[in-house]
Amino acid sequence: MDSKPKPQNSKIMFRVLLIVACLIVFINSLPNEFVIDDFLIIQQNPTIGNLSYLPKIFVTSYAVSPPTTYYRPLFSATLQVEYQIWKLRPCGYRLINILLHILVTLTIFQMGLRLLPNTFHAFLTGLIYAIHPVHVESVAWISGRADILACLGLLLGFYWYLKYRSDENHSILLLLSSLLLYFLGLLGKEMAVTLPLLIIFYDFTFPPSEKENYPFAKRCTAYAGYFLVLFNYLLIRKY
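Its first residue numbered 80, the sequence shown is counted upward by one per residue in the working numbering.
No lab work stands behind these hints: they were computed from the structure.
Lysine to any residue pairs mimicking SDA-like chemistry, simulated, CA-CA at most 25 Å apart:
#: 1; residue 1: 166; residue 2: 179
#: 2; residue 1: 242; residue 2: 275
#: 3; residue 1: 297; residue 2: 259
#: 4; residue 1: 297; residue 2: 250
#: 5; residue 1: 242; residue 2: 307
#: 6; residue 1: 297; residue 2: 238
#: 7; residue 1: 166; residue 2: 106
#: 8; residue 1: 166; residue 2: 139
#: 9; residue 1: 166; residue 2: 130
#: 10; residue 1: 297; residue 2: 248
#: 11; residue 1: 135; residue 2: 159
#: 12; residue 1: 317; residue 2: 150
#: 13; residue 1: 166; residue 2: 178
#: 14; residue 1: 317; residue 2: 148
#: 15; residue 1: 90; residue 2: 237
#: 16; residue 1: 90; residue 2: 103
#: 17; residue 1: 297; residue 2: 193
#: 18; residue 1: 166; residue 2: 128
#: 19; residue 1: 290; residue 2: 304
#: 20; residue 1: 135; residue 2: 124
#: 21; residue 1: 166; residue 2: 126
#: 22; residue 1: 297; residue 2: 308
#: 23; residue 1: 297; residue 2: 263
#: 24; residue 1: 166; residue 2: 118
Make the full structure from the sequences, and use the hints.
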């Protein structure tokens with residue numbers, strides 16, 4: 080009888096291990112109180128408990144240390160919705176940060192399955208991301224969530240672009256999914272702006288094979304879609 084684990088079972092096991100690793104590293108942040116910007120954005124925010132204000136978030140910047148203002152409506156909207164559940168209990172918001180970090184880690188693992196030689200390499204990549212100390216501020220600090228949202232939108236946008244590129248028919252739905260995720264990442268935080276450059280760099284570093292049937296003209300059409308999303312985001316942000 081073959082004692083080797085089935086590939087699908089090993090993937091499930093690695094995903095569980097990644098989730099456990101994230102929890103072990105960050106679960107101790109749950110009892111912490113609000114810090115720094117959390118007071119202004121949550122505790123002292125007069126509109127956070129009013130769901131009728133939710134649509135205005137997408138046409139309004141917020142100030143943490145005037146005159147500096149930020150336009151990160153997806154980040155603000157998540158806090159607005161969560162306030163209905165957690166009120167002024169910081170542990171709830173931090174729990175969501177941890178869950179989002181887990182989602183990003185699993186996304187990196189999934190990308191590794193497409194890009195790296197084997198499942199273990201994909202797991203090791205996800206594990207390094209999951210426990211790396213550079214993420215402490217983004218996960219343990221409630222206001223650091225904007226970083227996680229931008230990262231999630233960028234990585235999922237890139238992942239769906241990879242699916243679009245390798246799809247036999249280059250389904251427009253796959254490309255539209257990637258563009259939508261990219262836009263949501265931008266609404267989380269402006270750092271997601273780099274996705275078009277990442278995609279172009281990837282395509283030129285790892286050119287499509289003949290089997291993928293992905294000519295340069297079609298690639299340029301996809302690139303134009305990302306820059307169009309970016310252009311519209313910048314217009315919204317400005318006006």
